[in-house]
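Participant: Following the hints, position chain B against chain A.
2 protein chains.
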Amino acid sequence: MPNYQAPLRDMRFVYQELLTGNEVSDLPGFEEVDEELIDAILEEAGKFCANVLQPTARAGDEEGCHFENGEVQVPADFHAIYQIFTEAGWHAMAMSPKYGGQGLPKSLHMMVDEMISSCNISFGLLPALSNGAYNAMAAYASDELKDIYFPPIAEGRWSGTMCLTESHCGTDLGLLRTRAEPQKDNSYLITGSKIFITWGEHKLTENIIHLVLARTPDAPPGIKGISLFVVPKYVVNSDGSLGEKNGVSCGSIEHKMGIHGSPTCVINLDAAKGYLVGDVNKGMRAMFVMMNTERLMVGFQGLGLAEIAYQGAVKYARERLQGRAPTGPKQPEKEADSLLVHADVRRMLLTMRAYTEGMRALGIWIGIQVDIASHHTDEQRRTEADELVALMTPVIKALFTDLGSECTNLGVQVFGGHGYISEHGMEQLVRDVRITQLYEGTNGIHAMDLVGRKLSLLGRFTRPVNAFIAAHKDEDELTEFIEPLQSALNRLQSASDWLQQAATEDPHHPGAVACDYLRLLGLTTMAFQWACAAQLALPKVAAEDGAFYRAKVHTARFFMQRLLPQTAALELSIKAGADSVMAFDDDAF
Amino acid sequence: MPNYQAPLRDMRFVYQELLTGNEVSDLPGFEEVDEELIDAILEEAGKFCANVLQPTARAGDEEGCHFENGEVQVPADFHAIYQIFTEAGWHAMAMSPKYGGQGLPKSLHMMVDEMISSCNISFGLLPALSNGAYNAMAAYASDELKDIYFPPIAEGRWSGTMCLTESHCGTDLGLLRTRAEPQKDNSYLITGSKIFITWGEHKLTENIIHLVLARTPDAPPGIKGISLFVVPKYVVNSDGSLGEKNGVSCGSIEHKMGIHGSPTCVINLDAAKGYLVGDVNKGMRAMFVMMNTERLMVGFQGLGLAEIAYQGAVKYARERLQGRAPTGPKQPEKEADSLLVHADVRRMLLTMRAYTEGMRALGIWIGIQVDIASHHTDEQRRTEADELVALMTPVIKALFTDLGSECTNLGVQVFGGHGYISEHGMEQLVRDVRITQLYEGTNGIHAMDLVGRKLSLLGRFTRPVNAFIAAHKDEDELTEFIEPLQSALNRLQSASDWLQQAATEDPHHPGAVACDYLRLLGLTTMAFQWACAAQLALPKVAAEDGAFYRAKVHTARFFMQRLLPQTAALELSIKAGADSVMAFDDDAF
Numbered sequence: 004m005p006n007y008q009a010p011l012r013d014m015r016f017v018y019q020e021l022l023t024g025n026e027v028s029d030l031p032g033f034e035e036v037d038e039e040l041i042d043a044i045l046e047e048a049g050k051f052c053a054n055v056l057q058p059t060a061r062a063g064d065e066e067g068c069h070f071e072n073g074e075v076q077v078p079a080d081f082h083a084i085y086q087i088f089t090e091a092g093w094h095a096m097a098m099s100p101k102y103g104g105q106g107l108p109k110s111l112h113m114m115v116d117e118m119i120s121s122c123n124i125s126f127g128l129l130p131a132l133s134n135g136a137y138n139a140m141a142a143y144a145s146d147e148l149k150d151i152y153f154p155p156i157a158e159g160r161w162s163g164t165m166c167l168t169e170s171h172c173g174t175d176l177g178l179l180r181t182r183a184e185p186q187k188d189n190s191y192l193i194t195g196s197k198i199f200i201t202w203g204e205h206k207l208t209e210n211i212i213h214l215v216l217a218r219t220p221d222a223p224p225g226i227k228g229i230s231l232f233v234v235p236k237y238v239v240n241s242d243g244s245l246g247e248k249n250g251v252s253c254g255s256i257e258h259k260m261g262i263h264g265s266p267t268c269v270i271n272l273d274a275a276k277g278y279l280v281g282d283v284n285k286g287m288r289a290m291f292v293m294m295n296t297e298r299l300m301v302g303f304q305g306l307g308l309a310e311i312a313y314q315g316a317v318k319y320a321r322e323r324l325q326g327r328a329p330t331g332p333k334q335p336e337k338e339a340d341s342l343l344v345h346a347d348v349r350r351m352l353l354t355m356r357a358y359t360e361g362m363r364a365l366g367i368w369i370g371i372q373v374d375i376a377s378h379h380t381d382e383q384r385r386t387e388a389d390e391l392v393a394l395m396t397p398v399i400k401a402l403f404t405d406l407g408s409e410c411t412n413l414g415v416q417v418f419g420g421h422g423y424i425s426e427h428g429m430e431q432l433v434r435d436v437r438i439t440q441l442y443e444g445t446n447g448i449h450a451m452d453l454v455g456r457k458l459s460l461l462g463r464f465t466r467p468v469n470a471f472i473a474a475h476k477d478e479d480e481l482t483e484f485i486e487p488l489q490s491a492l493n494r495l496q497s498a499s500d501w502l503q504q505a506a507t508e509d510p511h512h513p514g515a516v517a518c519d520y521l522r523l524l525g526l527t528t529m530a531f532q533w534a535c536a537a538q539l540a541l542p543k544v545a546a547e548d549g550a551f552y553r554a555k556v557h558t559a560r561f562f563m564q565r566l567l568p569q570t571a572a573l574e575l576s577i578k579a580g581a582d583s584v585m586a587f588d589d590d591a592f
Numbered sequence: 004m005p006n007y008q009a010p011l012r013d014m015r016f017v018y019q020e021l022l023t024g025n026e027v028s029d030l031p032g033f034e035e036v037d038e039e040l041i042d043a044i045l046e047e048a049g050k051f052c053a054n055v056l057q058p059t060a061r062a063g064d065e066e067g068c069h070f071e072n073g074e075v076q077v078p079a080d081f082h083a084i085y086q087i088f089t090e091a092g093w094h095a096m097a098m099s100p101k102y103g104g105q106g107l108p109k110s111l112h113m114m115v116d117e118m119i120s121s122c123n124i125s126f127g128l129l130p131a132l133s134n135g136a137y138n139a140m141a142a143y144a145s146d147e148l149k150d151i152y153f154p155p156i157a158e159g160r161w162s163g164t165m166c167l168t169e170s171h172c173g174t175d176l177g178l179l180r181t182r183a184e185p186q187k188d189n190s191y192l193i194t195g196s197k198i199f200i201t202w203g204e205h206k207l208t209e210n211i212i213h214l215v216l217a218r219t220p221d222a223p224p225g226i227k228g229i230s231l232f233v234v235p236k237y238v239v240n241s242d243g244s245l246g247e248k249n250g251v252s253c254g255s256i257e258h259k260m261g262i263h264g265s266p267t268c269v270i271n272l273d274a275a276k277g278y279l280v281g282d283v284n285k286g287m288r289a290m291f292v293m294m295n296t297e298r299l300m301v302g303f304q305g306l307g308l309a310e311i312a313y314q315g316a317v318k319y320a321r322e323r324l325q326g327r328a329p330t331g332p333k334q335p336e337k338e339a340d341s342l343l344v345h346a347d348v349r350r351m352l353l354t355m356r357a358y359t360e361g362m363r364a365l366g367i368w369i370g371i372q373v374d375i376a377s378h379h380t381d382e383q384r385r386t387e388a389d390e391l392v393a394l395m396t397p398v399i400k401a402l403f404t405d406l407g408s409e410c411t412n413l414g415v416q417v418f419g420g421h422g423y424i425s426e427h428g429m430e431q432l433v434r435d436v437r438i439t440q441l442y443e444g445t446n447g448i449h450a451m452d453l454v455g456r457k458l459s460l461l462g463r464f465t466r467p468v469n470a471f472i473a474a475h476k477d478e479d480e481l482t483e484f485i486e487p488l489q490s491a492l493n494r495l496q497s498a499s500d501w502l503q504q505a506a507t508e509d510p511h512h513p514g515a516v517a518c519d520y521l522r523l524l525g526l527t528t529m530a531f532q533w534a535c536a537a538q539l540a541l542p543k544v545a546a547e548d549g550a551f552y553r554a555k556v557h558t559a560r561f562f563m564q565r566l567l568p569q570t571a572a573l574e575l576s577i578k579a580g581a582d583s584v585m586a587f588d589d590d591a592f
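Protein sequences, first through last, are from chains A and B.
Under our numbering, the letters of the first sequence match residues 4 to 592, in that order.
Under our numbering, the letters of the second sequence match residues 4 to 592, in that order.
Pulled out of the complex, with its shape left as it was, chain A reads as follows (with noise of 0.2 Å):
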């Protein structure tokens, strides 16, 4: 694994360069949250994530968690690295200060989200859980609830998960059979069984806390009867303590592809007690909630898992010396050239770079919205920022996690066969990612959620592109920015016309090019970014610290010019549409 360091220039330039006049210091909540604020956050996150979290995710992928007797062991470090975590506040940042979170915007979370999935998915998924289970009570739960379980969760005492899937049911919830019985005292007991259950069972806290899914008896049948309820491992007395054991226990844990160090456990409910939080059937309103926060953050990893890819990439590239440069050796002292002079191997290191930064970049941008949405105080500035949020919700998951996942095999492909070996760290990366495409919904559940839901909302993303087209058009040192840019941009917008007629012809087509969609917007999407970076970036190239600048210009250069072209494959492909995919007969396949 290469020694990680975070890119603070570039997180930096994205946050207070490139979308400047952010607003985020502007809203309420966070007049504090200045420059040197954020500098001194990224810098401590990036120091703490490659010297306590980076040097445990080999080993804990190596020991990996254990099941015995119905208890769950997970890599021994992790019990040291989440207390100093959870001292130093890192899963609290976004939580309220009423309760002992510090408060930060949401859009500096995710910043550090990224590098705590560059240097340890599998331990940041505690973390991660725990503020989705947070957030879905914050926006649900009574404040009686909150006052009891919030406390221990800010504090990291406790620990959150999500239980929704069931062996026979994933994507489709309406399937799920897990029962809640209410009593006589307002609590409800829950029974059933619970699969996929990140560190559903651990000893690293001292309670947890499981957001369930479930049916009450008289609920109707699919998605309209399904209700939320809160469960604790420990069931809490009303002062905060902790009282008997629930009905909650770990069936087994899963062997899996990657995150070894993350426990995926079976749990089972057996009359366990738990608390609704939200509505009778109103689960599934309170869960998007969650799984909302969750995608973004799951987005992230995969930014953050090609980031660390990347770096190990160049690292390997940089020191290993195999042939020579075409026109001849470039150190003619070695016995040959590193890998850098070699074509090839730079395109797929300026594939990653690109995928990269543009991830970020555009990662950000939401992230900001985010905070926007929850803390402007024109309404007509949170509708506008909620809704560029929901269109690319499932552009951040999914495309963020599929480029992750091509990074990453860059990354081992860069070290040749020695990417295949474990010591390198490099094949890690790989199985670790391949989880981001798969959970939270499949990434073709968001691409499906894009055409069937979002495609409406496509002018809060277009209008900022033509504004910005409109504004730069005339600068000839552009151009070569700006066109590729309008082509992509017309080429969405062509296959956005189709889709939305051939919708209304037949309902197959847009499930049948939803994955293409959802590419070409993320790659038409990551275009604007890069155009505005060498907008931004073009006038301070000869400046002092100017290479950070030409960087940026090179590397937009090679989206436009080797990595854009695909949007030109995909309005192809879109436009095909359903036909050949819907004839093929059942029985052939």
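Any given hint could be a false lead.
Note that identical chains are pooled: a pair holds if it fits in a single copy or bridges any two copies.
Said to hold, decoys possible - In the BS3-like style, the derived pairs of lysine-lysine whose C-alpha atoms are separated by at most 27 Å in a straight line are:
(1) LYS149 / LYS248
(2) LYS318 / LYS578
(3) LYS457 / LYS318
(4) LYS285 / LYS227
(5) LYS333 / LYS206
(6) LYS285 / LYS337
Rather than coming from a laboratory, the hints here were simulated on the basis of the structure.
Facilitator: Just chain B now, kept in the frame of chain A:
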């Protein structure tokens, strides 16, 4: 893991219908290889792979290989299946009857290689390497060496390896340091350390024959000073009996992402007795014979893993009930419809199917050219076939393994979260196939080989395509296949012209676009196979067993409409060339 069913129908279609007039049974030595014999062999191989090999694949992954006290333990079951495998003679299908082999066509052997790779790639590497060693010796070793070594190899009592890589050199073999000191008895004493030696040490065979690249004392530096030696684990007496242990030992084995059942060894040579194969300093020539065979075989591994992933995904999609068709319930009696109703799932399955069948058609076409190149009586035909093989070897190695990776990942995606869990066997396919993009030369190296040395042979491919188009362009029902094929061919031709010109202007252009170019050629080649398949299948769709042909036509249509558009993007990306790749400052990575 799904229960494997050898794709016999499709193999027969390709071998006996699509490539009819393939001339294999007209070639001297293959007179007895008629339809009946081919059917019998493929059927038997399919049963053997499904019943004997596949059941050990998962256990082989879990059990893995272990190294202790210089000895290597492979999965226990592999001992028994190796006995059955070699008694049936599957390893010696294409070896010469003179030494105990069956003398069957290489093309037939490759089809069996696909099946073996579907069912247990880790195990399959052992006979694959024996075949590679056999081929290199067949081309360059003295009759004396062949008479001693070949009979036990053909019996399966001895196995073979390729010892090329050293820790500081993989791609750049010119750097290798292993030394060979000539002795008075015509032997050499060989000293050095080799890494990544597949099946380098084990106890399944009585002896292991290492083919080792090394330098003689006065060898010129670099690639021109490399000789090839055969170095047995146990010294072989002149009567073929085994003598003392040679100076060959296993230093350790690697922990890897996948192919856990196949030991990857460090092989230390300490004054090990060896014998020259071919001429001094001409080792690379002999090694290329071995490598070219292995490269095609590695391509077929990618194909085999794509096939089993497809089978697994189809079975799961059929059985898993989740959600409803957008046009209303298809299985109203059940609580949900099968995954097959979802267009996005069908898109994934059809992508896997179109790639897999396309690879098979292309792979067998080239396999037959291998037989023609070695057995045809007409020199001109031999040369033509040989040139087509040379052109397509990098495509088969690199494209098939890239698509193997894409297809196994799609297989996991169809399973959703369950795909990530080891018990289903789908994630193992992703881990196993990943090595095929790296070993036998990384895919980037093969792309460089294509653009650097093979472009002049492009006519060997474009001529039959143009002939096909000319013959069928007026058949209306073929327009939907001919037109996209023609478009792709135009893009290929245009990109080739650009590249040939560009290479004279900047030697970095070929490397910068090599991978894109290889994919463009590969997809165009598959488009040719699909157009031919559609042309053949269309008149038969109404016949009694028309279902097979209908599926062919539907899949061809899907390939043309949804996958081939990639060529549009590739042409654009290629023509952008190396500028953006090379402009980036080395220090800025």
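Participant: Take the hints in turn and mark each one as holding or not.
Facilitator: Here is what the structure says about each hint:
no.	hint	result
1	LYS149 / LYS248	within (21 Å within a copy, 73 Å between copies)
2	LYS318 / LYS578	neither (42 Å within a copy, 29 Å between copies)
3	LYS457 / LYS318	neither (41 Å within a copy, 32 Å between copies)
4	LYS285 / LYS227	within (7 Å within a copy, 75 Å between copies)
5	LYS333 / LYS206	neither (55 Å within a copy, 46 Å between copies)
6	LYS285 / LYS337	between (68 Å within a copy, 25 Å between copies)
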